[in-house]
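Undergrad: Could you build all of it, start to finish, from the sequences and the hints given here?
In order, the protein sequences belong to chains A and B. Letter by letter, the first sequence follows residues 1 to 340 in the UniProt record's numbering. Letter by letter, the second sequence follows residues 1 to 258 in the UniProt record's numbering.
Hints listed in this document are in silico derivations from the structure and should not be mistaken for laboratory results. Quantities reported herein were computed from a predicted structural model and do not represent experimental measurements. Be aware that one or more of the hints could be misleading.
For lysine-lysine, the following BS3-like pairs were computed, each having C-alpha atoms within a straight-line distance of at most 27 Å [to be verified]:
| no. | chain 1 | residue 1 | chain 2 | residue 2 |
| --- | --- | --- | --- | --- |
| 1 | A | K14 | B | K254 |
| 2 | A | K82 | A | K126 |
| 3 | A | K82 | B | K254 |
| 4 | A | K73 | A | K171 |
| 5 | B | K10 | A | K124 |
| 6 | A | K73 | B | K10 |
| 7 | A | K126 | A | K105 |
| 8 | A | K82 | A | K124 |
| 9 | A | K105 | A | K82 |
| 10 | A | K82 | A | K123 |
| 11 | A | K105 | A | K124 |
| 12 | B | K10 | A | K123 |
| 13 | A | K126 | B | K10 |
| 14 | B | K10 | A | K82 |
| 15 | B | K10 | A | K105 |
| 16 | B | K254 | A | K73 |
Some chain A residues flagged as far from chain B (calculated, every beta-carbon gap over 12 Å) [to be verified]:
| no. | residue |
| --- | --- |
| 17 | L192 |
| 18 | D235 |
| 19 | V236 |
| 20 | P243 |
| 21 | R258 |
| 22 | G263 |
| 23 | S277 |
For every residue, glycine included, the Cβ atom is placed at its ideal position computed from N, Cα and C.
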Amino acid sequence: MIELEGLTKRYGEKVAVNHLTFTVRPGVVTGFLGPNGAGKSTTMRMLLGLDHPTAGDVRIDGRHYEQIRHPLKYIGALLDAKAMHGGRSAFNHLLCLAQSNGIPKSRVAEVLDTVGLTAVARKKAKGFSLGMGQRLGIAGALLGDPQILMFDEPVNGLDPEGIHWIRNLMKGLAAQGRTVFVSSHLMSEMALTADHLVVIGQGRLLADTSMADFIRENSRSYVRLRSPQQERLRDVLGQAGVPAVEAGSGILEVDGARSELIGELAAEHHLVLHELSPQQASLEEAFMQLTAESVEYHAHSDTGPPDTNGWAGGTGTEAVSGGGWGEQWAREQRKRKAGG
Amino acid sequence: MSSGRVLVLKSEWTKIRSVASTVWTLGLAVVVTVGLGLLISILVSNDFDSMNARERLAFDPTAISFAGMGLGQLAMIVFGVLVVSNEYSTGMIRTSLAAVPQRAAFLFSKIAVATALALVVAMVTSFITFFVGQAAMGEHRASLGDPGVLRAVIGGGLYMTLIALFSMGVAAMLRSPMLSLGILMPFFFLVSSILGNVSATKKIGQFLPDQAGQKIMQVVSPLDDDTPYGPWGGLAIMGAWVVVAVLGGYVLLKRRDA
Ligand SMILES: Nc1ncnc2c1ncn2[C@@H]1O[C@H](COP(=O)(O)OP(=O)(O)OP(=O)(O)O)[C@@H](O)[C@H]1O
Ligand SMILES: [Mg+2]
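TA: Given below as structure tokens:
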């Protein structure tokens with residue numbers, strides 16, 4: 001179990017991670033989501049004791065990373081595929097890691113086989129493609145057969161077969177009861193892998209929820225209707241206080257998940273329905289909704305210069321001043337929850 | 001020593017033996033030191049007959065055979081710098097510190113392994129250089145049994161080792177290989193010897209690490225020598241510089257984000 005408490009990191013003026021508090025539990029894949037520059041990698045580096053937190057604390061089963069003896073046997077991490085000496089062979093790269101933590105040499109060949117790099121084990125890492133480097137990094141994470149695994153954007157550079165493989169690998173590891181913490185900015189990818197979601201933006205926690213709950217709370221659900229008696233159907237629904245809007249090509253849409261009510265109303269008034277289907281926006285759409293707000297925030301902002309690098313959150317002053325789309329989104333969430 | 005420390009030493013040994021730069025830097029140090037030492041020994045001994053009495057009095061065949069070290073030490077500097085700064089320039093440092101989060105254990109194991117290797121290579125180089133140089137000097141040669149000669153030859157090995165160790169400390173502070181080499185190479189090749197030999201700056205210059213350390217390789221003192229320290233005193237001054245550099249490297253590594 002990984003526990004973060006008020007974890008904060010400042011780089012000069014820039015607040016990269018802002019008072020993060022959440023827990024990563026064993027037995028599930030926890031997705032760590034946020035746009036570029038949200039602070040995911042920084043958070044992971046602090047977890048591994050690489051960067052010192054400005055404030056707050058992060059503990060792994062109650063201990064700081066530096067207090068763990070032979071940490072590779074306890075927690076395996078893929079941070080950056082390029083975090084290795086290119087002049088060293090894949091085998092020797094893993095061997096020096098294994099030796100430092102008292103992991104038997106035989107394990108090196110095993111993990112090389114697991115990630116499919118046996119054929120190039122004696123080749124220098126600098127000749128590796130991005131995907132091969134990524135696989136070698138994953139091999140390093142698996143080396144000590146740890147109970148906790150952490151991957152920073154593991155699918156980066158992998159081919160479709162590789163993506164499929166890492167997805168199953170992570171699910172398999174979680175199914176064995178391990179803690180799997182994986183970052184991404186691809187919602188669609190997380191939808192296929194993660195059971196739990198932690199979303200951050202500009203260093204702040206936006207959501208900490210199960211995948212299903214996240215979708216339910218953040219995507220618009222509506223009912224799609226088709227009927228040969230469209231006009232009458234609209235009138236009936238309107239009188240019952242269920243407004244329907246035309247969505248083109250003979251389709252009506254009703255906000256909310258109210259298919260039972262609509263079906264009963266239609267039956268009561270002897271209306272023919274050709275379609276009555278509850279719809280829910282995908283996780284990708286839910287995330288796009290967050291994006292849209294961030295874009296909106298920056299477009300309408302007159303307190304700071306326009307953000308030119310997308311949603312990286314731009315200038316430090318902006319982050320410090322406490323604005324940002326994350327804030328706005330969180331506020332709306334609270335409103336929504338209070339209202340519904 | 002704890003078993004954990006032994007494991008880290010083993011791991012650092014794997015690291016150092018599995019990169020090409022180790023072989024070429026240390027190989028170059030041997031070749032340049034011995035080769036240049038031989039060349040200068042031949043030239044100087046040919047010159048002996050044309051020297052005057054005073055010059056003959058200060059003639060130091062041991063020190064002359066070490067003349068190649070001025071250039072050979074540059075390869076030792078490259079070795080010391082690369083061993084440490086490779087971790088940073090490749091990004092390996094994060095993987096390394098994730099495996100060994102105790103930063104003292106990480107840095108001091110790395111430095112211990114690299115220094116031990118440098119010591120072996122430097123000692124061998126020093127003895128080869130001495131014997132090859134003396135062989136070239138014919139009747140003017142010194143022998144290991146002469147007073148102070150064995151001390152100078154062993155001292156030559158220690159000097160080369162300390163140069164490498166000093167470079168490791170500096171690289172640990174500066175992290176960038178280019179910056180470290182850009183400062184150390186010109187400093188030890190030019191700046192220091194100028195400061196140590198020009199009379200205006202000599203008083204301070206002679207306390208620089210290499211100027212002080214080189215004293216141990218002298219068997220015969222130069223004419224009107226007023227150096228305020230002896231051979232071991234000089235090596236101790238150099239040792240103090242090394243301690244400061246390595247501790248500086250450790251303190252910064254401990255404090256900084258990786
Ligand atoms: N060493 C550093 N010095 C200064 N600023 C930094 C440093 N590391 C990160 N930052 C800043 O902190 C913020 C968070 O960066 P981080 O790399 O953690 O984001 P991320 O969520 O991993 O983004 P991405 O999805 O692009 O990988 C960014 O604005 C970045 O510029
Ligand atoms: Mg990142």
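Undergrad: Each hint: holds or not?
TA: Okay, the hints, checked on the actual structure:
no. : hint              : in the structure
1   : K14(A) / K254(B)  : 22 Å, holds
2   : K82(A) / K126(A)  : 9 Å, holds
3   : K82(A) / K254(B)  : 23 Å, holds
4   : K73(A) / K171(A)  : 20 Å, holds
5   : K10(B) / K124(A)  : 21 Å, holds
6   : K73(A) / K10(B)   : 17 Å, holds
7   : K126(A) / K105(A) : 23 Å, holds
8   : K82(A) / K124(A)  : 13 Å, holds
9   : K105(A) / K82(A)  : 23 Å, holds
10  : K82(A) / K123(A)  : 15 Å, holds
11  : K105(A) / K124(A) : 19 Å, holds
12  : K10(B) / K123(A)  : 22 Å, holds
13  : K126(A) / K10(B)  : 24 Å, holds
14  : K10(B) / K82(A)   : 23 Å, holds
15  : K10(B) / K105(A)  : 12 Å, holds
16  : K254(B) / K73(A)  : 23 Å, holds
17  : L192              : 27 Å, holds
18  : D235              : 66 Å, holds
19  : V236              : 64 Å, holds
20  : P243              : 55 Å, holds
21  : R258              : 51 Å, holds
22  : G263              : 57 Å, holds
23  : S277              : 49 Å, holds
Violated hints: none; the structure is consistent with every hint.
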